[in-house]
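**Q** Residue numbers (my numbering), protein chains in the order written: chain G, 593 to 653; chain S, 10 to 466.
For the record, the hints were derived by calculation from the structure and aren't laboratory data.
Just to be clear, a hint being listed does not mean it is correct.
[As the list claims (entries may be wrong)] Here are the computed lysine to any residue pairs in the SDA-like style, where the Cα-Cα straight-line distance is at most 25 Å:
| no. | chain 1 | residue 1 | chain 2 | residue 2 |
| --- | --- | --- | --- | --- |
| 1 | S | K398 | G | V628 |
| 2 | S | K305 | G | L619 |
| 3 | S | K168 | S | H195 |
| 4 | S | K67 | S | G85 |
[Unchecked claim] Derived DEER-like restraints, expressed as beta-carbon distance ranges:
| no. | chain 1 | residue 1 | chain 2 | residue 2 | range |
| --- | --- | --- | --- | --- | --- |
| 5 | G | M611 | S | T160 | 19 to 25 Å |
| 6 | G | Y601 | S | N277 | 28 to 34 Å |
| 7 | G | V625 | S | E429 | 30 to 36 Å |
| 8 | G | Y601 | S | K121 | 43 to 49 Å |
Don't be surprised by glycine CBs; every beta carbon is placed ideally from N, CA and C.
Next come the chains, spelled out residue by residue.
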Amino acid sequence: MIRNLYVVYGMIVLGTLAMAEYRGWSLNSVNEVKNVPRSVRDNPGSYRSVYSGYHHYTGGK
Amino acid sequence: MSTSGPNPPGTPQVKALNCPGCGAAITLRSFSQAVTVVCDHCHSILDAQDPQLTILQKFKAAVGEDAPLIPLGTRGTIRGTPYEAVGFQRRTIHVDGMPYSWREYVLFNPFKGFRYLTEYNGHWNDTSILRSLPTVNDNMSPATVTYLGETYRLFQSTKAGTSFVLGEFPWQVRVGEASDVSDYIHPPRVISSERNGNEITWSMGEYMAGRDVWKAFRLPGNPPDAIGVYENQPSPLSADTTALWLAFVGFLVALVVMFIAFESFARNERVFQGFYSFNTNVRGEASFVTEAFALKGRTSDLELTTTSDVNNNWIYLNYALINQDTGQAYDFGREVSYYRGYDSDGSWTEGGHTDRVAIPSVPPGNYYLRVEPESDFGHGTIAYAISAKRDVPQASYFGIALLALLVPAGLITWRSLSFEHLRWAESDYAPAGSGDEDSDNAGRPTGLGIFGKGSDS
């Protein structure tokens, strides 16, 4: 019983892994933005990244 | 003495008798098969083989002192054969002055003979006398017996006494009589030896759940809850553990094959590379866009690598990967920072010169990168490089999958080992450190030392 459940679970794990690799899933967080105007190509400054203004680590030990 | 009316062949008949001690009616359900019968009024143990029912022993017991959970006269079906509960005894051992008792039920079928049920703390065993002798191997520690190709390990040995009896018995039962009992286990079975003088009776029990006993005898209510782990209680998990690890090995092989396959067949194609510098001494708009590059094939990831020669410094890059045809953008930020120094603990470093990120599920198309570098003002020029690879297998997923497969197998194995640990903690042969002496159930009685006088000696 437990073995059968484990086999089903393992197949789900491997299936998910195969799908993740095939479709290129990633654990990294990116923000999807739709309809970025074509003008950004000529005027990069007109695009405002959602990540700008990030507080950076400037320390060291 | 009288008998009940005519019955069809094969139907158990009941013989009615009177106790010579108190005159109370005595029901004899197993006829000449009973060797002793107990009067439940005056607690006289009578010789059932004697037409005069000679009194063999009288013992003191309160009325209803130990009412059988299966009332005598109840009929049930065990392994497809109907049986009637005809006798009941309580047996007791003493450990450090503390009495521990279990109960045994004598079942009778006129064609199959006697069979027994034992109960301790809600754990039941269906038991019968062995028809052939097991082979004892007492050179080992703990000793073992072999029977029908299975090896049973000695669990515990003790002296058990009969402390209460009721009904009929196929041997001359006596209250106070004690015998040496040893249990050898091979869950869910147990083989018990009971030595009485020079006689040894061997019996085999198989673990039964209380609910199955209740179902077999159609008893009202619910059986008592099983407490603790019993000596021959089958582990709910141990049978599966080996099969589980075999399945795990199979999955491991599949995982390796998948890893090789994805590494071999992934495009892993460099689609962009650019070298840049960022002058931190200059204020103003720093953002720029790269030349466009094509992402081919199916929807898959894009791995972006940023390298920089920062030294005790950092550079942060606001990235936007923009599909120039659809306007779909993936916006993210990455930082490369590297610090080093020396203190009382010696030299140290922190961070690195390279950062990698996988952008998930990017459809094919023509893309460009919008890059906006940031850093502290006045730190000179920082050189950095950006490269992008299409369809890169993510090794971390294989690690996660391995962990996901390993954790449940490990947990189940751990639970199985814990179950066995609890079982053997109650044994005379408890592993070191199992805390037998401190256990609440320490000295638990053997479950199956049943028979006062057996025939298979």
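**Q** For every hint, state whether the structure bears it out.
**A** Cross-check of the supplied hints:
Under the criterion of a C-alpha separation no larger than 25 Å, the hint pairing S:K398 with G:V628 is consistent with the structure, at around 23 Å. As the CA atoms of S:K305 and G:L619 are separated by approximately 22 Å, the hinted pair is consistent with the 25 Å bound. Between S:K168 and S:H195 the alpha-carbon distance is near 21 Å, which keeps this suggested pair within the 25 Å criterion. Annotation: proposed proximity of S:K67 to S:G85 is violated, straight-line Cα distance about 30 Å (limit 25 Å).
The beta-carbon spacing between G:M611 and S:T160, approximately 47 Å, falls outside the hinted interval of 19 to 25 Å. As the Cβ distance of G:Y601 to S:N277 is approximately 30 Å, the hint placing it in 28 to 34 Å holds. Our hint of 30 to 36 Å for G:V625 and S:E429 is violated, since their Cβ atoms are close to 57 Å apart. At about 45 Å, the beta-carbon gap between G:Y601 and S:K121 stays in the expected band of 43 to 49 Å.
Of the numbered hints stated above, those contradicted by the structure are hints 4, 5, 7, listed in ascending order.
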